[in-house]
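Protein chains in written order, with my numbering: chain A, 1 to 504; chain B, 1 to 504.
Among the hints, erroneous ones may be present.
Residues of chain B placed beyond 12 Å of chain A at every Cβ, according to the derived structure [claimed, not checked]: (1) Leu12; (2) Arg17; (3) Arg33; (4) Arg39; (5) Ala167; (6) Arg210; (7) Lys440.
What the simulated footprint calls covered on chain B by chain A, stretch by stretch (three residues with Cβ under 8 Å from a Cβ of chain A suffice, anywhere in the stretch; the number is not a length) [as the list claims (entries may be wrong)]: (8) 50–59; (9) 191–203.
By construction, these hints were calculated from the structure, which means they are not laboratory data.
Virtual Cβ for every residue (Gly too), placed ideally from N, Cα, C.
Protein chains: 2
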Amino acid sequence: MVYFDSASSAPLHPVARQALVASLDEGWADPARLYREGRRARLLLDAAREAAAEAVGCRPDELVFTPSGTRAVHSGVAGALAGRRRTGRHLVVSAVEHSSVLHAAETHRAAGGESDEVAVDRAGRVDAPAYAAALRPDTALACLQSANHEVGTEQPVAEVARVCAGAGVPLLVDAAQSLPWGRVEGDWSLLTASAHKWGGPPGAGLLVVRKGVRFAAQGPADERESGRAPGFENIPVIVAAAASLRAVQQEAAEERERLRGLVDRIRRRVPELVPDVEVVGDPVRRLPHLVTFSCLYVDGETLLHELDRAGFSVSSGSSCTSSTLTPSHVLKAMGVLSEGNVRVSLPSGTREEDVERFLAVLPEAVRGVREQLGAPSGGPVAVAAAPAAEAAAAEPEAEPRADADTGADAEPEAGGAEPGAGADARGDETPALTVDSLGKRCPVPVIELAKVIGDIGIGEIVAVLSDDEAARLDFPAWCAMRDQEYVGERPADRGTAYLVRRRS
Amino acid sequence: MVYFDSASSAPLHPVARQALVASLDEGWADPARLYREGRRARLLLDAAREAAAEAVGCRPDELVFTPSGTRAVHSGVAGALAGRRRTGRHLVVSAVEHSSVLHAAETHRAAGGESDEVAVDRAGRVDAPAYAAALRPDTALACLQSANHEVGTEQPVAEVARVCAGAGVPLLVDAAQSLPWGRVEGDWSLLTASAHKWGGPPGAGLLVVRKGVRFAAQGPADERESGRAPGFENIPVIVAAAASLRAVQQEAAEERERLRGLVDRIRRRVPELVPDVEVVGDPVRRLPHLVTFSCLYVDGETLLHELDRAGFSVSSGSSCTSSTLTPSHVLKAMGVLSEGNVRVSLPSGTREEDVERFLAVLPEAVRGVREQLGAPSGGPVAVAAAPAAEAAAAEPEAEPRADADTGADAEPEAGGAEPGAGADARGDETPALTVDSLGKRCPVPVIELAKVIGDIGIGEIVAVLSDDEAARLDFPAWCAMRDQEYVGERPADRGTAYLVRRRS
Numbered sequence: 001m002v003y004f005d006s007a008s009s010a011p012l013h014p015v016a017r018q019a020l021v022a023s024l025d026e027g028w029a030d031p032a033r034l035y036r037e038g039r040r041a042r043l044l045l046d047a048a049r050e051a052a053a054e055a056v057g058c059r060p061d062e063l064v065f066t067p068s069g070t071r072a073v074h075s076g077v078a079g080a081l082a083g084r085r086r087t088g089r090h091l092v093v094s095a096v097e098h099s100s101v102l103h104a105a106e107t108h109r110a111a112g113g114e115s116d117e118v119a120v121d122r123a124g125r126v127d128a129p130a131y132a133a134a135l136r137p138d139t140a141l142a143c144l145q146s147a148n149h150e151v152g153t154e155q156p157v158a159e160v161a162r163v164c165a166g167a168g169v170p171l172l173v174d175a176a177q178s179l180p181w182g183r184v185e186g187d188w189s190l191l192t193a194s195a196h197k198w199g200g201p202p203g204a205g206l207l208v209v210r211k212g213v214r215f216a217a218q219g220p221a222d223e224r225e226s227g228r229a230p231g232f233e234n235i236p237v238i239v240a241a242a243a244s245l246r247a248v249q250q251e252a253a254e255e256r257e258r259l260r261g262l263v264d265r266i267r268r269r270v271p272e273l274v275p276d277v278e279v280v281g282d283p284v285r286r287l288p289h290l291v292t293f294s295c296l297y298v299d300g301e302t303l304l305h306e307l308d309r310a311g312f313s314v315s316s317g318s319s320c321t322s323s324t325l326t327p328s329h330v331l332k333a334m335g336v337l338s339e340g341n342v343r344v345s346l347p348s349g350t351r352e353e354d355v356e357r358f359l360a361v362l363p364e365a366v367r368g369v370r371e372q373l374g375a376p377s378g379g380p381v382a383v384a385a386a387p388a389a390e391a392a393a394a395e396p397e398a399e400p401r402a403d404a405d406t407g408a409d410a411e412p413e414a415g416g417a418e419p420g421a422g423a424d425a426r427g428d429e430t431p432a433l434t435v436d437s438l439g440k441r442c443p444v445p446v447i448e449l450a451k452v453i454g455d456i457g458i459g460e461i462v463a464v465l466s467d468d469e470a471a472r473l474d475f476p477a478w479c480a481m482r483d484q485e486y487v488g489e490r491p492a493d494r495g496t497a498y499l500v501r502r503r504s
Numbered sequence: 001m002v003y004f005d006s007a008s009s010a011p012l013h014p015v016a017r018q019a020l021v022a023s024l025d026e027g028w029a030d031p032a033r034l035y036r037e038g039r040r041a042r043l044l045l046d047a048a049r050e051a052a053a054e055a056v057g058c059r060p061d062e063l064v065f066t067p068s069g070t071r072a073v074h075s076g077v078a079g080a081l082a083g084r085r086r087t088g089r090h091l092v093v094s095a096v097e098h099s100s101v102l103h104a105a106e107t108h109r110a111a112g113g114e115s116d117e118v119a120v121d122r123a124g125r126v127d128a129p130a131y132a133a134a135l136r137p138d139t140a141l142a143c144l145q146s147a148n149h150e151v152g153t154e155q156p157v158a159e160v161a162r163v164c165a166g167a168g169v170p171l172l173v174d175a176a177q178s179l180p181w182g183r184v185e186g187d188w189s190l191l192t193a194s195a196h197k198w199g200g201p202p203g204a205g206l207l208v209v210r211k212g213v214r215f216a217a218q219g220p221a222d223e224r225e226s227g228r229a230p231g232f233e234n235i236p237v238i239v240a241a242a243a244s245l246r247a248v249q250q251e252a253a254e255e256r257e258r259l260r261g262l263v264d265r266i267r268r269r270v271p272e273l274v275p276d277v278e279v280v281g282d283p284v285r286r287l288p289h290l291v292t293f294s295c296l297y298v299d300g301e302t303l304l305h306e307l308d309r310a311g312f313s314v315s316s317g318s319s320c321t322s323s324t325l326t327p328s329h330v331l332k333a334m335g336v337l338s339e340g341n342v343r344v345s346l347p348s349g350t351r352e353e354d355v356e357r358f359l360a361v362l363p364e365a366v367r368g369v370r371e372q373l374g375a376p377s378g379g380p381v382a383v384a385a386a387p388a389a390e391a392a393a394a395e396p397e398a399e400p401r402a403d404a405d406t407g408a409d410a411e412p413e414a415g416g417a418e419p420g421a422g423a424d425a426r427g428d429e430t431p432a433l434t435v436d437s438l439g440k441r442c443p444v445p446v447i448e449l450a451k452v453i454g455d456i457g458i459g460e461i462v463a464v465l466s467d468d469e470a471a472r473l474d475f476p477a478w479c480a481m482r483d484q485e486y487v488g489e490r491p492a493d494r495g496t497a498y499l500v501r502r503r504s
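Between the sequences and the hints, there should be enough to build the whole structure, so can you do that?
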């Protein structure tokens, strides 16, 4: 089995294993006690804190260990908001934060606070002026990930930190994905991370609160970890987390370039090997080990199963792979195709031959899934009914699109009607054809659209009725990939009507 | 080093170590993922849940793993209160709960809720009628530990659960101390526990919510652990926790009687070997492995250091061993002596010879501390200046006192004036002598009282000025042990005046 999902959880690093086993015999005692066993436990805990602080680039007394990265985020957001309660209750986050941040924002709103999401461009990147525009006099906290966990795009943390510092607003950086690769640059105020993302054991997160940042821990009081992380310290896991973070960061210089080369290869070759693929995320300013692409007319869950059967473990942001049947909020915010989505994140030590083998099995896996679904065959489908040669017509379009949009203006809304086109078309939106895809899940509605688009005349409109959450994202993405016009969505008696005008 | 503080944290059980190491290789992956590594992690997690549920006596889907016992309590209390928000916001807890429960109650009050503490008797035990009296139509939740963590007294959980069920109020049982010895009997609604208390690794707690109990998890949403414990699951630790709980419960039948015998020996012999000792907690309805006693005229922290130097690790509820310089809330609620307090909790496998050696070194350790403090020598001090033979005069008083009060009416207030005596004396409270102990810490004020009591006439009053938090508890306790009359406390220009009438 080849594991290509280190962004979910990295395999245990050998140093983590050694440190964990070595500290089991002394790490069980209460570090708050003054007897010998307690003092030994305290020494282990103090040493781990120093090592982790060195790796993060902070003072040891600014760093506490939490039971997970999620808990670090929850405690960090709640404590920072409460610490600046007198300033206001406004929170700013990016639209592509990890769910732990977005859930903390939801809780804040449920308690009467406010929050705003800063949009990203099609590469998944925020820009500093957008943060500057979102800050208000009553903004208590801003949050920004150092790099995105689904598409790998690095965020301009140092610039956003400058903007926030200028406005006197603390910035919390979720560094879960990037910390193994090195310190987070810039003048951030709070930082969170998660050990199992870097090959540490599960059960440890980091919460760093810079001296001078107002912070009021929420929830029941507890003396441990400076009052910021209640509960008995999990010392063997903490020791292993700190030791492996140092080890991983030391290995990063070499591994970064090697994995970046392998990911570059995947980014380049997948669109060559598989028709109708969109590689997403910033092609340059990105994590070295992570690449995400979406395959048109593919059911993400089935593709994951096929790849699992072929010996590869990857993950997906497709709606069919989520318990709520909604596509990843990250892909949604980027406005990119969510169907047939695959995230490949290479663990440290990934072998070149395993990447090659992945590239060898992927095309057949995608082809098999498309065949099962009765999808139109690949190639740029001007007229869907016309068969197209697969390899020759491989889309060179997806990658340059991400390139071109990088750094451009953010496109905040996915799925809204294009204003110009919508306005022009408004007088003549009567569909020449209506397809009922109600009750059908991604990617079937898009497949049904592709199958009929050739049946209407150029300039005419097809309406697809769908109640699938992914449709709102995937119809516009399909139109962009296929150079058809996405007119917009309209309420229907049942579900929503998605209108597409045949352009070619 | 002999470790006698398993009630703080138990040494790692060999089964825990084996299970932890064995599951490191498969327990790092995300159990929510569908690929092979995820499925394996899920199998480990499911098996651990089944094993833990079997040990607790609940359904697997009623049990979630939390990062610690403290977090289990915090989440359990908050979730149960929120689940019954419409019924009301009144919470009932015992006065001797673990600090995690009391802190959760504080947080509830800070958020506008109400809570009441049910008093305990001098043995640290609540009774069911007192719980019945505390329940109100707007009571949302009641909490009761299965056994006390500081003095070992077992609580009448089944009776209190009946009372609560009768009133339609869910009962949360903190079973942290008793679960290693077996299931908690009775019709409780929620249960919490902590793995490192039974020899599991730190980093895992249990929260059980019976089907049908209204529960609304608080804090940011998270899909893991039925939405009741956010953050990535700590699977190797969870596996080790579950495996060791089963192992420990299987060993309990034998170990219970053996440790009970050793504790009986300590309970009997300490008052024989050391003058002026009060053994506290219920002598019969108690945890098998735990005994607590307090030594008059002894500084708890110094005694712990002496015992540590002699090779024994124990803990203390004395004020001088707490960061806040307040005596343990448990000893306070019981109204027993807090100075020179020692808790001995024997880990599984404790050897008889180590207990004997402890009994051999304890008297000298106590004598040494008393000598350093210039304490009056032991014996029933009718006239404190008169030296008394130590061994001959060993106090047989302390143990029977605990016996006699067991099951009797709860004495809710420690340190209040005895109403009758106070009333009688009120007309004639002018002290014959005033001792200034301001700025001096436990046990010095009591030592100064003992030194001068012989200087006043029988029927006369001595006033001791003190600003030590422990004085409120220790003056009445000293009077009870010495058969002197505690008149009460009066506000003074600085600190508080504690009035004692010489009776013999």
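Whether chain A covers the segment 50–59 of chain B (at least 3 residues having a Cβ closer than 8 Å to its Cβ atoms): violated (count 0)
Since Arg17 of chain B was said not to touch the interface, does its Cβ keep a gap of more than 12 Å from each Cβ of chain A? violated (6 Å)
Hey, does Lys440 of chain B actually stay past 12 Å from chain A on C-beta? For Lys440 of chain B, whose nearest Cβ neighbour in chain A is about 22 Å away, the distance exceeds 12 Å, so it holds.
Mind verifying the non-interface call on Arg39 of chain B? Its CB should be farther than 12 Å from each CB in chain A. Given that some Cβ of chain A is not farther than 12 Å from that of Arg39 of chain B, nearest at about 9 Å, it is violated.
For Arg33 of chain B, which was marked as not at the interface, is the minimum beta-carbon distance to chain A over 12 Å? Check fails; 6 Å does not lie beyond 12 Å.
Is the nearest CB of chain A more than 12 Å from the CB of Ala167 of chain B? holds (25 Å)
Coverage of the segment 191–203 of chain B by chain A (three or more Cβ within 8 Å): Answer holds; 5 residues pass the 8 Å Cβ test.
Leu12 of chain B remote from chain A - nearest C-beta pair above 12 Å: violated (5 Å)
Minimum Cβ-Cβ distance from Arg210 of chain B to chain A exceeds 12 Å: holds (23 Å)
Checked against the numbered hints given earlier, the structure breaks hints 1, 2, 3, 4, 8 and satisfies all the rest.
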